[in-house]
Structure formats: structure tokens, C-alpha cells
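Below, each chain spelled out in residue letters.
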Amino acid sequence: MSTHVQTTGNQSLRTLLLFLGMALLLVWTGWAYNANLALIILNMGLISAVMALGVNLQWGYAGLFNIGVMGFVALGGLGAVLTAMPPTIDAWQAGGLRIVIGLFIGGATIVIAVMTYQRLPTGPRRGLITTAIVLVGYALFRFVYVPGTQAVEAVNPSSTGYLGGLGLPVVLSWPVGALMAAAVAWVIGKITLGLRSDYLAIATLGIAEIILAVMKNEDWLSRGVKNVNGIPRPVPYELDLQNSPEFVAAAANLGMNAVTASTVFVRLNYSLMFAAVVIVLLVLAQLALNSPWGRMMRAIRDNENAAGAMGKDVKKRHLQIFVIGSGLCGLAGAMMATMDGQLVMSSYQPLRFTFLIWVMVIVGGSGNNFGAVLGGMLVWWLWVMVEPISQQLVGYITAAMPEGWLRGRLTDVAPHTRLFLMGLLLLLVLRFSPRGLLPEK
Amino acid sequence: MLDLINAGVALLNFIIIPATAYGAQLALGALGATLIYGILRFSHFGHGDNMAFGTMITIGFTNLLLGLGITFGPFPTALLALPFGIIVTALMMLLMDRTVFRFYRRRRAAPVVMTMVSLGVMFIMNFVVRFGIGVDDVLFADGTRFIIAAREFRDWSGLDEALSLRMTQVITVVTAAIAVALLFWFLNRTRTGKSLRAFSDNEDLALLSGINPDRVVMVTWIIVAALTTTAGVLYGLDKSFKAFTYFQLLLPMFAAAVVGGLGNPLGAIAGGFIIAFSEVIVTYAWKKVLTYLLPDALAPAGLVQLLGTDYKFAVSFAILIIVLLFRPTGIFRGKSL
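In the order they appear, the protein sequences are chains C and P. The first sequence begins at 1 in the numbering used here and counts up by one. The second sequence begins at 1 in the numbering used here and counts up by one.
Bear in mind the hints are in silico, worked out from the structure with no lab data behind them. We put the beta carbon where it would ideally sit given N, CA and C, even for glycine. Misleading hints may appear alongside valid ones.
[Claimed, not checked] The following label-pair restraints were derived from C-beta to C-beta distances:
| # | chain 1 | residue 1 | chain 2 | residue 2 | range |
| --- | --- | --- | --- | --- | --- |
| 1 | C | LEU24 | P | MET218 | 41 to 49 Å |
| 2 | C | ILE279 | P | ASN63 | 50 to 58 Å |
| 3 | P | ALA285 | C | ASP302 | 49 to 57 Å |
| 4 | C | TRP293 | P | PHE244 | 39 to 47 Å |
| 5 | C | LEU140 | P | LYS239 | 44 to 52 Å |
| 6 | C | LEU140 | P | PHE244 | 37 to 45 Å |
| 7 | P | ARG107 | C | GLN286 | 36 to 44 Å |
| 8 | C | ILE279 | P | PHE244 | 33 to 41 Å |
| 9 | P | LYS239 | C | MET256 | 22 to 30 Å |
| 10 | P | ILE147 | C | ALA139 | 38 to 46 Å |
| 11 | C | GLY107 | P | LEU290 | 36 to 44 Å |
| 12 | P | LYS239 | C | SER244 | 50 to 58 Å |
| 13 | C | GLY404 | P | LYS239 | 26 to 34 Å |
| 14 | P | THR309 | C | GLY404 | 36 to 44 Å |
[To be verified] Below, a list of computed lysine to aspartate or glutamate pairs in the EDC-like style, where the Cα atoms sit at most 20 Å apart:
| # | chain 1 | residue 1 | chain 2 | residue 2 |
| --- | --- | --- | --- | --- |
| 15 | P | LYS242 | P | ASP137 |
| 16 | P | LYS242 | C | ASP412 |
| 17 | P | LYS312 | C | ASP313 |
With these hints in hand, go ahead and build the complete structure from the sequences.
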């Protein structure tokens with residue numbers, strides 16, 4: 001008993017020290033580069049921490065290997081657009097109804113096909129009838145839906161060309177994004193959670209691509225690759241601050257010029273909001289981890305068969321945690337779109353939004369929520385800072401080097417060194433410290 | 001009758017030839033993935049980047065040969081460089097195995113841990129390729145471009161529809177056929193090949209009967225290097241080389257391997273063609289073919305395209321999921337470890 005207390009004491013100290021170190025790292029960045037950069041890293045680090053918490057729920061608590069994080073993050077971004085952007089009335093009048101009816105037909109087709117398949121006896125007749133239903137339903141769906149989308153996309157395509165959102169405050173999109181991601185995760189989980197670990201990984205990787213493909217191509221929904229800009233903000237705009245005499249006076253009091261002060265102030269606002277979210281999530285996740293539910297999840301993770309034999313519904317619990325974890329990724333996606341004020345579909349890439357999050361979880365310590373948050377912040381800091389640091393390094397190295405292939409390659413390579421570093425970090429942690437910086441207790 | 005021939009030519013030109021070439025490339029890639037899965041027992045997420053590496057090395061040797069004034073007549077010079085590319089890639093893979101994977105294999109780590117380790121390898125290979133050749137498109141096909149050029153065919157046959165057949169498409173199919181024949185001969189006829197299959201079927205039993213596991217692993221990596229490099233070079237000759245495209249090819253290759261049944265070589269080949277043909281068929285605008293075939297009254301007004309071309313990747317995964325739902329071990333009954 002006493003040793004147990006001691007180890008948790010050490011663990012708390014370790015956690016505290018590592019978080020302190022992370023804070024120092026950010027302060028150093030602010031001092032050596034500039035305060036804005038430190039705040040930018042902090043904000044995205046907090047968002048990454050939310051994603052890492054989500055993945056940690058799935059992997060650390062339940063052992064689910066989900067590498068479709070990117071898809072859920074993108075859905076959260078879509079949530080921000082659909083909540084906060086003003087509705088395009090003309091587009092709704094032009095084809096909104098057709099799209100809604102079309103989607104309804106599509107959904108009904110799937111439901112009818114699934115029900116028919118389940119009701120009919122096994123045999124060639126079953127396959128034929130189901131296929132026929134799907135084909136007829138698809139043709140009908142296209143017939144209603146496609147003219148609708150074309151009409152919507154034709155409405156002022158350079159600035160709108162989509163249905164728009166609901167025009168609600170953007171902060172509301174955070175729960176909305178989370179719910180959208182969770183709803184999609186429920187469907188995906190229903191289909192894929194019966195699969196073995198590797199298959200689940202491949203399937204989720206593919207589903208993320210499908211989500212992305214839909215969002216890139218259904219312009220009526222998200223403007224696709226034309227991007228959505230100017231998502232309303234929950235915080236003041238820099239220009240308004242610079243035009244407000246009180247703010248300028250306050251900045252002058254602090255000895256800062258108004259332009260710098262306004263950007264710092266805006267970013268600090270975001271930091272506070274994001275930090276609040278992370279703290280709430282962390283508390284909730286800790287409570288869940290130490291509750292009977294958390295113990296059950298770990299029991300299932302460590303031995304599915306034994307937990308099943310004890311009467312735990314493994315499949316249902318897996319589905320539950322898959323939905324919750326993906327919901328967190330959606331939340332993070334909505335937060336990110338809020339901070340950026342835009343939805344840029346081409347920026348969603350698996351290396352950045354799926355595999356990097358995994359590095360965060362593994363480096364931080366899978367199964368430990370504090371580890372996930374720390375990993376999120378630290379790995380994000382590395383991801384951003386490796387480029388300027390390696391650019392300086394390359395500058396020193398190539399200064400005395402003659403022109404040639406190697407010099408050309410070296411000067412080109414600085415932006416990519418982060419890939420090498422992430423891979424190396426992941427391999428080293430997995431090999432020498434597989435439990436991560438903050439191991440699970 | 002003429003309409004029927006025209007429709008057939010269009011079908012051949014826009015679907016059968018491109019999909020066959022693409023299918024052969026995917027099949028070779030999927031064979032590599034499936035061998036790693038069957039014998040080394042994990043899904044290698046760095047597979048696409050390994051393919052990019054092999055292609056990059058081959059491009060390097062191609063440039064070297066061209067610099068020396070050596071060409072391959074009507075064929076692309078890259079085919080001459082291919083063996084060198086394979087050797088270097090095999091050495092790289094053996095080095096990766098020695099430094100990274102062997103540790104986990106000896107400890108009999110769970111497949112999911114190995115898969116996670118492969119994510120680290122993926123990052124590093126991604127870097128190596130970008131360091132070596134950059135992120136831009138590289139074209140490295142030389143020699144004769146067309147075996148049948150569209151215009152000559154139209155002049156010769158007098159048909160409305162043109163048919164073109166590129167050299168790279170023929171080379172792809174022929175090379176892939178030779179590679180697959182060699183692979184199956186090796187797996188089924190040679191002693192080492194049989195030991196690989198035994199090891200894949202039942203590791204413990206294979207060890208008991210005196211099969212040297214290190215040798216099996218080494219041979220597997222060498223074969224995988226040959227298959228992936230060949231697949232990558234053929235794809236690059238047919239289209240072009242781009243680091244990011246190769247990274248993305250991981251998805252359809254995995255889909256092909258899983259659809260056919262992970263761990264099953266025959267399945268990987270079938271899977272490659274299934275994925276390739278469905279991608280092309282679903283995203284092709286059928287208007288032209290249907291206009292030839294149907295009476296004028298029924299001629300379609302729209303493009304009759306089931307899905308936009310951008311849904312290519314989505315198609316392979318939709319198939320993957322359908323197969324996993326109805327036949328979780330794939331069409332050809334792969335492993336379900």
C-alpha cells in the first residue's frame with residue numbers, strides 16, 4: 001500500500017515538472033522569437049490536446065486503433081461552417097428543397113435495402129432484390145438530388161454557391177461539431193467495430209478519406225475546395241481594437257504598440273477559451289477513468305474475453321467509447337475552424353491530422369489523460385519549431401559548402417525535417433519508453 | 001454493327017486498357033503488402049513510402065544511365081535501372097528490419113504494436129524521399145510513347161472512335177505478369193518459397209521443423225522490395241512520380257489486399273484488378289458508349305457518370321467496407337489472425 005502511494009506521489013511530481021517544463025518552453029519561444037508565435041503554438045497545442053484526449057480515450061482506455069482522426073476533425077470544421085455562417089437564402093430557394101428530399105430518398109433507400117436484406121431468406125433471390133432496390137433508389141436519388149445541387153452551386157458561385165449555415169454564434173458550433181462527428185462515428189462504429197485491430201485501422205483510414213472526398217466535392221454543403229472564409233469570431237477583431245481609444249490607451253500603458261497588443265489580446269482570448277475546454281475535458285476524463293466505468297473499459301482492453309465472460313457487453317462499450325472519442329476530435333475540429341476563421345479543405349492531410357495526433361498520444365503516454373495533453377502541446381511545439389530551428393542549422397552547415405546537389409537538397413529540406421523528427425521520436429519512444437513521458441498508473 | 005464496334009473501341013480505350021494497367025500496378029503493390037502481412041504479421045503503413053523510395057532510387061539510376069549515354073531503345077531506360085533500384089531498396093528494407101522491426105518480432109509484440117511502429121517508419125521514409133527528390137512531379141518515361149496512336153488508328157480503321165495504346169501500358173502488364181509468374185513459381189516450387197509459406201501458415205510448426213526464421217524474414221523483405229519497386233516504377237512510367245501520390249497509393253493497395261483476403265497472394269492480384277476496374281467504371285462518363293448502343297430515342301441526356309472522378313479513393317474504400325461486412329476475411333479467405 002505504501003509503495004503505491006509513493007509511486008503516485010512521484011507520478012504527480014513528474015506530471016507537474018513536465019508541465020512546468022512545457023510552460024517554460026513556450027515562454028522561451030515568446031522571448032526568443034515573439035509573443036505571437038508562442039500564443040499561436042499554445043492555442044493550436046490546446047486544440048491538439050483535445051484531439052489527443054479523444055484518441056487516448058479510444059486507444060488508451062479501450063485499445064481501439066482509430067486512424068481516421070482527420071475525418072472527424074474535418075467534420076467538426078464543417079460543424080463550425082454550418083452553425084455560424086449566414087444562410088444563403090437564394091440558394092435555399094433555388095434548390096434546397098430538392099437536396100433535402102434527395103437526401104431523404106437516399107437515406108430511405110439504404111434503410112429499405114438493409115431491412116429487406118435482413119427479412120428475406122438467404123439465397124440468390126435476396127441479393128437480387130436488394131441490389132434492385134439499391135439501383136432504383138440510387139437512380140431516383142440522383143434524379144431529385146443532382147439538379148438541386150447544380151441549382152445551389154450556380155447561385156453566385158464565387159462568393160457563396162452553397163446553402164450556408166444557421167447564422168448562430170460560433171461557440172455553439174463546438175458542441176454541434178462534436179455531435180456531428182459523434183453521429184458519423186456511431187454509423188462507422190456499427191459497421192467496423194466488429195473487425196480486428198488492423199482491419200479497424202485500415203477501415204477508419206479509408207473512411208476518413210471518404211469523409212474528406214464528400215466534403216471536397218459536395219460544394220453545396222461546404223463550398224468544397226473553394227474554401228469558406230470569414231467564419232464569424234467569438235472574440236473581438238484586431239481592427240476594432242486598434243480603433244478603440246480605450247484599448248490603445250491601455251496598450252500604451254503597458255508600453256506596447258496597439259497593433260501588437262491587439263493581436264496578442266485576441267490570441268489570449270482564444271487561449272483562455274481553449275484552456276477552459278481542455279481543463280473541463282481533463283477533469284471529466286479523469287473522473288471517467290477512475291470510475292467503475294473506467295475500470296470496466298480497461299478490463300475490456302486488457303482482456304476482452306474475460307470481460308465478456310464477466311457479462312460486460314464488449315461491443316456496446318467499444319461503440320460507446322469510439323463515439324465519445326471521435327466526438328472530441330470533432331470538437332477540436334470546430335475549435336480549430338473557429339480560431340482560423342475559415343475551412344480550407346486542402347489543408348486536411350492524414351500526416352498532419354491523423355498520424356501526428358498518434359505521435360502525441362504515444363509520446364505523452366497512452367492511457368494517461370495528462371500525458372495526452374502534454375503530448376499534444378509538446379509534439380505540436382516540436383512540429384512548429386523544428387522548421388525555423390533546422391533552417392538556422394542548415395544555414396550554418398551550408399554556409400561554407402560549395403554549390404552542388406547536396407547543398408541544394410539541404411536548403412530544400414528544412415520544412416521536411418519535422419517528418420524525420422516525428423518518425424524518430426515515435427520509434428525511440430516505442431522502443432525505449434513504450435509507456436510514454438507520463439505512464440499510465 | 002458499326003455502332004457496336006465503336007462502342008467496343010471506346011470501352012477498350014477508356015476503361016479496359018487504363019484499368020488493366022492500373023490494376024496490374026495495384027496488384028504488385030498489394031502483393032507486397034499481403035506478403036508482409038502474411039509472413040511478418042503486421043500491416044505496414046510505410047508501404048506507399050517504400051514504393052516511393054524504390055522509384056526514387058530507380059529514377060536516380062535512370063539519370064545515371066542516361067548520363068552515360070545508355071538507353072534501352074524503344075523501351076524506357078528505367079527498366080534497365082530497375083534491378084539496381086530493387087537492390088538498393090532491399091538493402092534499405094533489411095536495414096529498417098534490423099534497426100526497427102527485429103526488436104519487436106523477437107519479443108513477439110502484438111501486431112498492433114508493429115503497425116504503430118510502421119507509422120514511425122512511414123514518417124521517416126516520407127522524409128527520406130522528400131529529401132532525396134523533392135515534392136514535385138517527376139517524369140522519367142522515355143523511348144517510344146505509343147504503340148497505337150489515336151490518329152493512326154482512326155485513319156487505318158475509319159471508325160469514329162480512336163484507340164490509343166501506350167508503350168508504358170503494355171510494359172506494365174507484361175512486367176507485372178512476369179513478376180507474378182516468378183513469385184508463384186518461387187513460392188510453390190522452390191524450397192525457400194515453401195518455407196515461406198509454411199512460416200506464414202503456422203510459425204511455431206515451421207520453427208519446429210527447422211526453418212530458419214531470420215532467413216525467411218530476409219527473403220520476404222527482398223521479395224517485397226522487388227515487388228514494391230517494380231510496382232512504383234511501373235506506376236511512375238505510366239503516370240508520373242510524385243511523393244505525395246505514392247503516399248496516397250497506400251490506400252487502394254491496402255484495399256486491394258484486404259478485399260482479396262490479407263495474406264493471400266492470389267487474392268491480392270484479384271483485389272488489385274477489382275479495385276482498379278471499379279474505380280474506373282464508377283467514375284467514367286458512360287454517355288458515349290450508351291449513345292452508340294442505345295437507339296436514338298433512348299440516348300442519355302446527362303453524362304451518365306455514377307460518381308465524380310474525385311471520388312476515386314472513396315470507391316475503393318466503399319468496396320473494402322462492403323467486403324468486410326459480408327465476407328470479413330476477403331474474397332479469397334485470407335487470415336483472420
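- Taking the numbered hints from earlier one at a time, note which ones the structure violates and give those numbers from smallest to largest. 5, 7, 9, 11, 17
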